[in-house]
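Undergrad: So the chains spell out like this:
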Amino acid sequence: MLPAITEDAVWTYLQDVPDPEIPVVSVVDLGIVREVRVDGERIEVDVSPTYSGCPATEVIEESILSRLQDEGFATVSINRVLSPPWTTDWISAAGREKLREYGIAPPVGSASKRELLGRPKVHCPRCGAEETSVVSEFGSTACKASYKCGACLEPFEYFKCI
Amino acid sequence: MTREEALLKYVLRLGDNALILAQRLVQLVAHGPELEEEMANANFALDYLGQARMFYSLAGELEGKGREEDDFAFQRDEREFCSFLLLEQPNGHFGDTIARSVLFEHFYIPQLEALANCSEPRLAAIAARAVKEIRYHQRHDSQWLTRLGDGTEESHRLIQESLDDLWRFTGEMFEGDEIDDIVRDEFGGPDLGQIRETWQHNIAALLNEATLRMPGEQWMDMGARSGRHTEHFGPLIAEMQYLQRSYPGLRW
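Residue numbers (my numbering), protein chains in the order written: chain A, 1 to 162; chain B, 1001 to 1252.
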């Protein structure tokens, strides 16, 4: 018989589940885990995909499942929740700091339509300089754009605000 | 036609548009004009493919006969696909690709915005998710249209030709049928007349900024809603469906 599990404990376990493409941040930091419900031994986790075509969605769901199964919880179900759609506004403050340390500039501002259409002021994650420029609207994944710094001249990725 | 039948067909059409454009954009992989643009278009393709999967999964639920996303994508014939003729047109040169995307995105965004407020919650959720992605595509593609139009003499001439060539495929986007009417009246779906006004206004403003000329009134090629396609569609789905047709039910 397993000890009773609390929702807080599940959230703590999920802190260990990394994003497969940016492993320095967890799925909790990214804000894609929306809700956790515990009913006796049954655990339900609501997860939102970042982008419609994000190839990591299935891997993330598998990782969450296996992390909880490692703790001995056999009856875990994952719900994919689309509404409201995920936004970079849900990336936690800790997640933003981890992205920056990793060399990815975190999203600037909030994901309002106005800001999506404007050009955000992105600071270099390495030297902090303001003089940066876009190299490409897209980087190694759909969620990032490629930038370069005008001060330290290093290229870097920017996590797009969406 | 019942409202349920109309909704199912409408959702399939949304899936078809997203899938066929995804397939076209995927064909640019390893053939893009430069690395950054190749990645951009591959990423767009991924968004469209993801949207197609969600629309087809919903269609499977609505139909309730056990068909899944792969069945809709790989086991239907040409005449069963109701994607716009515009989207199956070849990638051509980079200007053709950009013009095709711009003309469609300016339709698709107001369509998704209306659907995000429709009364079918699963469809509304997909639309709200998808529109955020397409706004980003539109920004990228519109910038390119402006850059090419207001660029060199040659780029201006080529992108104007792309617009002139593709223009005859834009009319059918706004020519609704019974299915569009039912989804509008019964589910609060988009009003195609309103979308046409928005589209014309926004395209005119964009072309003006790009120093391009809006093609005039002309004969429009139609057929999507009844599954009649141009000569480019057959080879496209032959390539797309090859594996599942040769090895039905194959899984990774």
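What the hints contain is simulated information worked out from the structure, not anything from laboratory work.
Just so you know, even glycine gets a beta-carbon here, dropped at the ideal spot from N, CA and C.
There could be a bad hint or two in this list.
[Stated by the list, open to error] Lysine to any residue pairs mimicking SDA-like chemistry, simulated, CA-CA at most 20 angstroms apart:
(1) B:1065 <-> A:111
(2) A:121 <-> B:1029
(3) A:98 <-> A:81
(4) B:1132 <-> A:54
(5) B:1132 <-> A:148
(6) B:1132 <-> A:111
[Said to hold, decoys possible] Listed next, the stretches of chain A that the computed footprint assigns to chain B, with coverage defined by at least 3 CB atoms under 8 angstroms from CB atoms of chain B:
(7) 90-103
(8) 150-156
Undergrad: Each hint: holds or not?
TA: Verification of the hints:
no., hint, verdict
1, B:1065 <-> A:111, "39 angstroms, violated"
2, A:121 <-> B:1029, "31 angstroms, violated"
3, A:98 <-> A:81, "25 angstroms, violated"
4, B:1132 <-> A:54, "14 angstroms, holds"
5, B:1132 <-> A:148, "25 angstroms, violated"
6, B:1132 <-> A:111, "10 angstroms, holds"
7, 90-103, "violated (count 0)"
8, 150-156, "violated (count 0)"
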